[in-house]
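Novice: Here the protein sequences line up with chains B and E, keeping their order.
FYI, my numbering numbers position 53 of the first sequence as 53, with every residue one higher than the one before it.
FYI, my numbering numbers position 151 of the second sequence as 151, with every residue one higher than the one before it.
There may be inaccurate statements among the hints.
With a Cα cut of at most 30 angstroms, we get these calculated DSSO-like pairs of lysine-lysine [unchecked claim]:
no. : chain 1 : residue 1 : chain 2 : residue 2
1   : E       : 38        : B       : 88
2   : B       : 89        : E       : 154
3   : B       : 88        : B       : 119
4   : E       : 102       : E       : 154
5   : E       : 102       : B       : 89
Rather than coming from a laboratory, the hints here were simulated on the basis of the structure.
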Amino acid sequence: MAKENAQNLIETSDYIGHHLVNLTFGWCEKTSSWGFANHQQELFKGLDSACKVSEMGFWSFHLDTIFMSILLGAVVFGFFGLVNRAAKKGVPSKLQNFAEFVHEFIASAVNSGYHGTSKIVGPLAFASCLWIISWNLMDLLPVEMASFFGHFGGGFNYFKILPTADLNAPLALAIVVMILVTYYSVKTHGAGGFLKELFIVPLGPLEFISYVSKHVALALRLYGNLFAGEMIFILIAIMFGQFAMSFSQTLWFLPGLILNLSWALFHILIVALQAYIFMMLTIAYLNLASTKH
Amino acid sequence: MNINATFFAELLAFCIFVFITYRYIWPSMENLLEDRRKEISDGLEAASQSQRKLEEANKESATILDEAKAEASSLINQANSRADQIVDEAKEQAVEEAKKIKLSAEADIEQSANKAKDGLRDEVAALVIAGAQKILDKEINAKANKDIIDSLIKKI
Chain B
1 MAKENAQNLI
11 ETSDYIGHHL
21 VNLTFGWCEK
31 TSSWGFANHQ
41 QELFKGLDSA
51 CKVSEMGFWS
61 FHLDTIFMSI
71 LLGAVVFGFF
81 GLVNRAAKKG
91 VPSKLQNFAE
101 FVHEFIASAV
111 NSGYHGTSKI
121 VGPLAFASCL
131 WIISWNLMDL
141 LPVEMASFFG
151 HFGGGFNYFK
161 ILPTADLNAP
171 LALAIVVMIL
181 VTYYSVKTHG
191 AGGFLKELFI
201 VPLGPLEFIS
211 YVSKHVALAL
221 RLYGNLFAGE
231 MIFILIAIMF
241 GQFAMSFSQT
251 LWFLPGLILN
261 LSWALFHILI
271 VALQAYIFMM
281 LTIAYLNLAS
291 TKH
Chain E
1 MNINATFFAE
11 LLAFCIFVFI
21 TYRYIWPSME
31 NLLEDRRKEI
41 SDGLEAASQS
51 QRKLEEANKE
61 SATILDEAKA
71 EASSLINQAN
81 SRADQIVDEA
91 KEQAVEEAKK
101 IKLSAEADIE
111 QSANKAKDGL
121 RDEVAALVIA
131 GAQKILDKEI
141 NAKANKDIID
151 SLIKKI
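Can you make the complete structure from the sequences, with help from the hints?
Specialist: Quick look at the structure:
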């Protein structure tokens, strides 16, 4: 009995670990070659490297994150592009109505929150909000689905479909925002004024710390929320796993179902809310950067 | 979980998507909405203008109607007074005619009365003469007493 429990425990931690590893393609120091991390895929046998994911250095790519984020971006921005192309001035179609509603929503947020003159803030807010929502929505797909299709359909043993749960993606967005904030701060206050603001007035270098941390926090907030959400989905999924492993655990099925459903319903809120928060903070930071105060 | 070169790929992808939005989605959407806004405000403006026009037309038609009513009533008054006048005239004429008829009738009556009187006088005179002749057949000469009888007749 104890042995069986221990066995279960190992399988559980394996299960969790498996769901938290990205499909990684990178530079393996050991063999000095590029390749997929060990045993991650069966499709490109020749490209398998001897390194594990943890052994790969900075120069590795999470192919699943990149693929999913670009796919989702193409879908979302393709949709808006196509709707825009087909748009007409007169009575709008329903899709156009939807696109205009989304646009109006973001445009009103930008207009009320941003008082500068930059033309990039609207598109930036639009792109970040919609891209993040499309990422986050992936969290609502069943956790096993990606693994199932990745494994049996694509020959990939590891495939994470939620780009937000990979810190690289939110951090990239936050860094773009940080670069723009820096650019507009320098443009508004001058390089000297901006440096003075960061290091001297009013609280010395504390301002610099807050400057860096607010941008890092922008990424970490998004990442943390979605990563935690994903984690809870995985933990709930284990209940179904218990059910599948032995018939004596049948009683796990119902609470698993209820918890999965309720968490998914609650998670819809987080999906939209985190994207909204990211957008609003982006607008607020850029507003602070491009107005004199 | 760890930070790696994926970051750069995401950075690049984000920049591209922001650029696509900046170039192809945001401005055309803004223009579209701006155009629609203008169109709607123009439409509303036109609607309120035509509303105003309608009110003006209503007012105008009401004044025209009032004028027409006034004209009609004055016409009716005129006609009424003319009719009264005509009636009066007719009455007067009738009265006059009646007077005339009465006068001629009276003249006729007088004439016929005179005639009758003359006739009667003559007859009476004849009768008187005849009576007197019968009475005075022997003594009185009809010619000698004629003057007396004539004067008698005139007195009748």
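Novice: Take the hints in turn and mark each one as holding or not.
Specialist: Here's how the hints hold up against the structure:
no., hint, result
1, E:38 / B:88, "14 angstroms, holds"
2, B:89 / E:154, "125 angstroms, violated"
3, B:88 / B:119, "24 angstroms, holds"
4, E:102 / E:154, "29 angstroms, holds"
5, E:102 / B:89, "97 angstroms, violated"
Comparing the model with each earlier hint shows violations of hints 2, 5; every other hint is respected.
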